[in-house]
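Based on the sequences and whatever the hints tell you, model everything.
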Amino acid sequence: MVSDDPFFNSTDSGSGPGIQLDGRFLKTTTNKGYNKRAKDVYVLPLPFSLNSLPALIPHNPLSVFMYTVALLSKPLRFTTQKRHKAYIDSTSQGTPGAFVPDLQSAMELWQQGFFGKGTLSRSEPSWFGRTSRRLGLDGGELTLEEITEARRAKRRKFKKEREQQQLLELKQKQKEGVLNPADANLLDKNEKKQIEDNENNAADSDAVVTKVRKEDTDLIKDGVIEKLETLHLHPCEAVFLCVCLGVLEIDGIETIQQLLQTFFPEDSDWQKYVVYHYFRSLGWCVRDGIKFGVDWLIYKQGPPFQHAEFAVSVQPSSGRPDWWWLHANMRVVNNAKKAMTLVYVTKEERPDYTKISNVAAFRKALSQYTVKILTFSRFTPSRCRD
Amino acid sequence: MFTLPVISGTVYIYDVEVIKYLREKYNIGGVLSGILPQYPQQNKFGGLPLKLSPEEALYLLETNEFEFFDDTETHLDEYKEKVDEDKPDTKNGQSSTTSNNKVELAVLSKIPKRSSAVKLKEPVNSRYAVYKYLVQKGYFVLPGLRFGCHYMAYPGDIMRYHSHYNVLGLDYDEGIDLLTMVSGGRLATSVKKCWVIGAKNPETEETEAFSIEWSGFG
Chain G
1 MVSDDPFFNS TDSGSGPGIQ LDGRFLKTTT NKGYNKRAKD VYVLPLPFSL NSLPALIPHN
61 PLSVFMYTVA LLSKPLRFTT QKRHKAYIDS TSQGTPGAFV PDLQSAMELW QQGFFGKGTL
121 SRSEPSWFGR TSRRLGLDGG ELTLEEITEA RRAKRRKFKK EREQQQLLEL KQKQKEGVLN
181 PADANLLDKN EKKQIEDNEN NAADSDAVVT KVRKEDTDLI KDGVIEKLET LHLHPCEAVF
241 LCVCLGVLEI DGIETIQQLL QTFFPEDSDW QKYVVYHYFR SLGWCVRDGI KFGVDWLIYK
301 QGPPFQHAEF AVSVQPSSGR PDWWWLHANM RVVNNAKKAM TLVYVTKEER PDYTKISNVA
361 AFRKALSQYT VKILTFSRFT PSRCRD
Chain L
1 MFTLPVISGT VYIYDVEVIK YLREKYNIGG VLSGILPQYP QQNKFGGLPL KLSPEEALYL
61 LETNEFEFFD DTETHLDEYK EKVDEDKPDT KNGQSSTTSN NKVELAVLSK IPKRSSAVKL
121 KEPVNSRYAV YKYLVQKGYF VLPGLRFGCH YMAYPGDIMR YHSHYNVLGL DYDEGIDLLT
181 MVSGGRLATS VKKCWVIGAK NPETEETEAF SIEWSGFG
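Chains as they are written, first to last, in the UniProt record's numbering: chain G, 1 to 386; chain L, 1 to 218.
It is possible that part of the hints are untrue.
Computed list of lysine-lysine pairs in DSS-like fashion (alpha-carbon distance at most 25 Å, straight line) [what the hints assert, rightly or not]:
hint, chain 1, residue 1, chain 2, residue 2
1, L, K44, G, K291
2, L, K192, G, K193
3, L, K192, G, K157
4, L, K80, G, K337
5, G, K192, L, K192
6, L, K192, G, K154
Derived CB-CB ranges, DEER-like [to be verified]:
hint, chain 1, residue 1, chain 2, residue 2, range
7, G, L374, L, S33, 29 to 35 Å
8, L, R146, G, K157, 35 to 41 Å
9, G, A184, L, R146, 34 to 40 Å
10, G, E349, L, S33, 41 to 47 Å
11, L, T10, G, E349, 47 to 53 Å
Everything labelled a hint here was simulated from the structure, so no lab data went into it.
This structure is a prediction, so every number in the text was calculated from the model and none was measured.
Yeah, the Cβ is synthetic: ideal placement off N, Cα and C, and Gly gets one too.
What follows is the structure, given as structure tokens:
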């Protein structure tokens, strides 16, 4: 594990670099472990696979024969098969987008290209696993939500211990009679806080959340936990899966025209799609950027592998953003170590949906739009000096 | 009554006493836009003159306690008079100090007459309502471009406190993008401030403001 990085082969064990080395060592091992698992699970970048040909060994006549048969019988292009099913929320105030109810389909769409979001989870549809584990059943591997919760609990515990340590130090100083007024003030404050904390803790322990809740009986039907969670697809994701990959079927929607009218009623919706399609076709993993106040976040591989590198905001080609808006977004995005990307779509009106009757027409409509990209980052001379 | 010089629509104050007075009485901080001659290599602390934002200038105008005069015109006039007076001076061979004093007096006497003709830069209406609302509540209000908003509101003198609010002044019926709300709330919370949006209700003529905090952060 260590040997493949030249940095760790050095025998230098000086105190300064040693600390740094320890930190890096810990970080790389945990990341590597997770990535290795991620690489096994997230094999396909998009939810389809090409027909693979058998290995061709030229001096083996049997191999040549098999190869020819395969080449002739299965065409080399991927066949579109509408294997995932979704429905739309058709109430008047319905949520936009499509919902995939089947857990198997949902997991496939998540694992092959990171489409959608679990309606009861942060991103990956993990509610079923979490609930199973909470009720004492086998829930599979730890989910992201649980890892975050564990990390926060650890941090809280560390902060509490540090506080107590400080308090002890101050008390020691007080005993020795070397306490200065500022420290005395701090001691007073800390002691008061400690008392308050203890009271709070007492109140907490009274209301300790039992692992199994009263409502849980409603979850179990016929001896198994009901699968409540669905995968929520963004309108752009739904259209991309339906039209471009052809792997999704949406209830009650027959034609591309109908699909576009349902999902992209406004010009701005279509523009957002053009940008989504652009980055998807360049091989980026595109996910909604609402967390950071932008339209899209683009990942090199996907959320389990690394953080998003760019935050994409779709801008109308006429007009320009307000300065205050730009400053605010720049700070938010840069705080998360991302670069801000403004994307201008050259044509603002959406195409005439009535003329889009098949995939070829859809492709033609898309080809009338071009995008221009402007990426920039915040630069403060005094802070960015290396 | 103080007189404040206006240079191409903006008020610049060169008098420390005036700056002190504005801070103490009107909660107006302004922005020091000059450099400190002793420390020319830094830009964290500014020196004279103090530049007032359009909002601050309008607010002072509305108090009726200040006169504004056009600094450029006054200077040009002064220059002209100097040239005019210099001509006979050189002929008669008089000393120039007395004529300088005359010029100064002449300029000062002319200031109030011009004050009505001075044009100030106008602030955005909707923002000014929120600005006034905050200042009258006792906040020090500074421009907030650094924090991606219209104003930053300090609970007291700007040298003593950090700002508490990032403020956005809007029209009453103006829609607000959900993404703006996300980034505003998120940014303010990450710098330990509170995000505030305000607008003037056209019916009641009263300004209303709401604060938004990003919960579950960090």
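Each hint tested on the structure:
1. K44(L) - K291(G): 33 Å, violated
2. K192(L) - K193(G): Answer holds: K192(L) to K193(G) is near 21 Å, not above 25 Å.
3. K192(L) - K157(G): Distance ~23 Å between K192(L) and K157(G) Cα, so the pair holds.
4. K80(L) - K337(G): 58 Å, violated
5. K192(G) - K192(L): 24 Å, holds
6. K192(L) - K154(G): This hinted pair holds, its Cα atoms lying about 23 Å apart.
7. L374(G) - S33(L): 29 to 35 Å: 30 Å, holds
8. R146(L) - K157(G): 35 to 41 Å: Holds, since R146(L) and K157(G) (Cβ atoms, about 36 Å apart) stay within the stated range.
9. A184(G) - R146(L): 34 to 40 Å: With a Cβ separation near 37 Å, A184(G) and R146(L) satisfy 34 to 40 Å, so the hint holds.
10. E349(G) - S33(L): 41 to 47 Å: Check passed, 45 Å falls within 41 to 47 Å.
11. T10(L) - E349(G): 47 to 53 Å: 42 Å, violated
In terms of the numbered hints stated before, the structure departs from hints 1, 4 and 11, listed from lowest to highest.
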